[in-house]
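Trainee: Sequences and hints are given; from them, build the entire structure.
Chains as they are written, first to last, in our numbering: chain F, 1 to 309; chain Z, 1 to 413.
No wet-lab data here; the hints were simulated from the structure.
Since the model is a prediction, treat every value here as computed from it, not as a measurement.
Honestly, I wouldn't trust all of these hints.
[What the hints assert, rightly or not] Facing chain Z, a subset of chain F residues (Cβ under 10 Å, in silico):
1. M76
2. L108
3. F113
4. K116
5. P118
6. G266
7. W270
8. R274
9. L283
Think of the CB as a built atom: it goes at the ideal place given N, C-alpha and C, for glycine as much as any other residue.
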Amino acid sequence: MSRDMIVPLESYRLARYVVPIPCYVCEEDNIFDAEYCRHCLAPMALAHQAASQKVQPRMVAAVGATAVGKTVFLGMLIDMLSRQPERVQLMARGAFSITLQQSTMSALARCQFPQKTPNEPDRWNWVHCQLRRSRREAPLDLIVPDMAGEAIFEEVEHPRSYRVISAYLKKCAGAMILVDAVGLQEASSDHEYFAMKLISYLVELNEDGKPGWSRRPVALIFTKADQCEECLADPGAFAKSHASRLWQLCQERFAFHRFFASGVAGACAWRQTRRDGRVHVPLRVEPVGIVEPFLWLLERIEAHRSRSK
Amino acid sequence: MRTMSRNVILGSTALLAALDMALGWAVWWRPPAFVAGAVGLVYVLHRAAQARRRAQSAKPVASPPLPDEELRKQVPAAARKPAPNDPVGLIETMLAQGRYALLLRPQIARTLGEDQFHRALHALSEGTALVPEGEVIMGPMDERPEDGASQSDDFAARPPRVVRVEPLFLDRYPVTNRQFYEFVAAGGYNDPALWDGAMLPAVLDFVDQTGQPGPRVWKGGCYDPAKEDHPVVGVSWCEATAYARWVGKRLPTDAEWVKAGSWPVNLAVGSRSQRRYPWGDTMDRTRANLWGSGPKGTVSVTAFSGGVSVGGVYQLIGNVWEWMRGSYPPPDATEAGWIFETPLKSIRGGAFDTYFDTQATCQFQSGETAIARKHNIGFRCAVGVCDLLLARSAEDDAAAAPIQVDLPEEVPA
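Mentor: In structure tokens:
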């Protein structure tokens, strides 16, 4: 037996589905309640937040090869800027923006590195945050995704295989290219060649006549420099001596670039665990050179914006 | 006068023999005599050749200027060498160099004058804190995973264990640049007896930024004058051990260090109260120089006095990591799975750039290779109570009388 019930037809709710919502990354139309863009798989929360708060967040990319340390670098950067309000204070917009920081910090506090970022874009951690600087009145909104190294590799090797990467990089105001300092020190050319491929990919990305990557600021960051004192002392000289092809390419391709060195773990070791097998673990956490490249990038982006006005 | 001189000579010979014996005791491992002699000779020849090469190929230093000669003359107050066969001068020099623990070794302490003995004792009580004997819990007793997991691999592999500690004196402060300079100026890097034979090849590489023997961050064989009372950093475990031997001490064991910091108290049978930090169980960043609470570098060893332990030891947490005597991970742990390219030595306490509170506790342990010379690792020394003579009998005082009675007469002459 059932009872009759009157359900009001709230047609005005249906009207929202008629109006398409453009994805903030690829600008393709999506329906109102889509969680991820059906074209590029970027989270639609970015578009909703931008629309509701009437701000146009700027985008900065952190790219590099697999296991170069993108997740650790970004997680640590966000946490340091959240804890250190003297120069730049970072505040997350939306709960999803804290996930990267949380997962990275809780792993490092236990002397573990965070899990490898999955290749599927809908499983990446995106950070939408507001940056407040003491000397400037207007806060800056920023979007930074933690992209998987293998996905970046695939996109560089086979352009348009990951639409979200190309769409995002086209809109970026600046980039941090991460390169493994230990790999370069051990004379492994693969790290250098991949960074060179990445640079070539970026430079060729904007084919529509707009100012391309040659005029955008790029910070080249040597990661794991805590295990390479020469790199920590003078990253520019290290690049010239250990990655001369990369150094030369940067001179030719980028008008605004600088080399930096960063490190998070004071020392590392390998460990055989029951659950994950052989894993690399940090023995302690002593961040160095994390904030400096980001602040330099922000300054250059601001300078670039004021020039273009 | 002749009697006095004879007494001086006899006293000096006895003292020097005793010193040699004590130094021999302080060195834990010694290769067979002929091997040690050969290695020592080779080492000295190498060091001399190296110094000659450096002098010949010396180039103008482009980086910041070296500390000038005037400064270097001022700094080594105790680096002057006593005259040969001058035991009083030798003792005074050793006291000024902070080598009181060596003077208090039973073999030497019995030959000291009463005043010298009491001055050495006073230096000991000023410079060190007594850590009483007792038990301490070692291992990750309070490092629980934050994500709700039942037990980490580390916790499972290294369950907490109780270790008994004998009474000891632990330095109140980490060894400072000034103190380490005494060792450098006294030729500590050129004395093979202070170094492990296996490490002698590495000693040649323990030079500062200008190629002089000394910590990695120094220049021209001298420290930055502004950092005179900062803890010495840029020294390897080998250098720390050599310094400790030179002053008649040793590096503390992990258990000794943890006991000094966490100050365990037995409340009842099987129940023990043990602090997480020297000042209590909660982190207070105003009490330690860690990331975000200090000037992003080392500070004076007397700063952050709020972080002093119950026993009166300063800066166990923060400022610089401290070398321990033992290995990382401890060999007695039921550990499996660590894969090290080179064996590591234990460090504890956290430094000015330590990011997490959980890595700046008394229990947290990290590791570093024995020859690493990091910008944030220093050390402090310890000496067992049983190794020192802290009270003398009437016979001891009588035996030491000739030196003490005669020498004051010689001074005016």
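Trainee: Can W270 of chain F be said to touch chain Z, with a Cβ gap under 10 Å?
Mentor: holds (4 Å)
Trainee: Was the hint right that L283 of chain F lines chain Z, CB cutoff 10 Å?
Mentor: holds (5 Å)
Trainee: Would the stated hint for M76 of chain F survive a check requiring a Cβ distance to chain Z of less than 10 Å?
Mentor: OK, holds: M76 of chain F within 10 Å of chain Z, min 8 Å.
Trainee: With 10 Å as the cut and Cβ atoms as the points, is G266 of chain F at the interface with chain Z?
Mentor: The hint holds - G266 of chain F has a Cβ within 10 Å of chain Z, the shortest such distance being about 7 Å.
Trainee: Checking hints one by one. Is L108 of chain F an interface residue toward chain Z, by the C-beta closer than 10 Å rule?
Mentor: holds (7 Å)
Trainee: Would you check whether F113 of chain F satisfies its interface hint, that is, whether its CB is within less than 10 Å of any CB in chain Z?
Mentor: At about 14 Å, which exceeds the 10 Å cut-off, the nearest Cβ of chain Z leaves the hint on F113 of chain F violated.
Trainee: For the hint on K116 of chain F, just tell me whether its beta-carbon gets within less than 10 Å of chain Z.
Mentor: violated (17 Å)
Trainee: Restraint: P118 of chain F near chain Z, CB-CB cut 10 Å. Satisfied or not?
Mentor: violated (18 Å)
Trainee: Answer holds if the nearest beta-carbon of chain Z is closer than 10 Å to that of R274 of chain F; otherwise answer violated.
Mentor: Holds - the Cβ of R274 of chain F comes within 10 Å of chain Z, reaching about 6 Å at its closest.
In this structure, the earlier hints numbered 3, 4 and 5 are contradicted, and the remaining ones agree with it.
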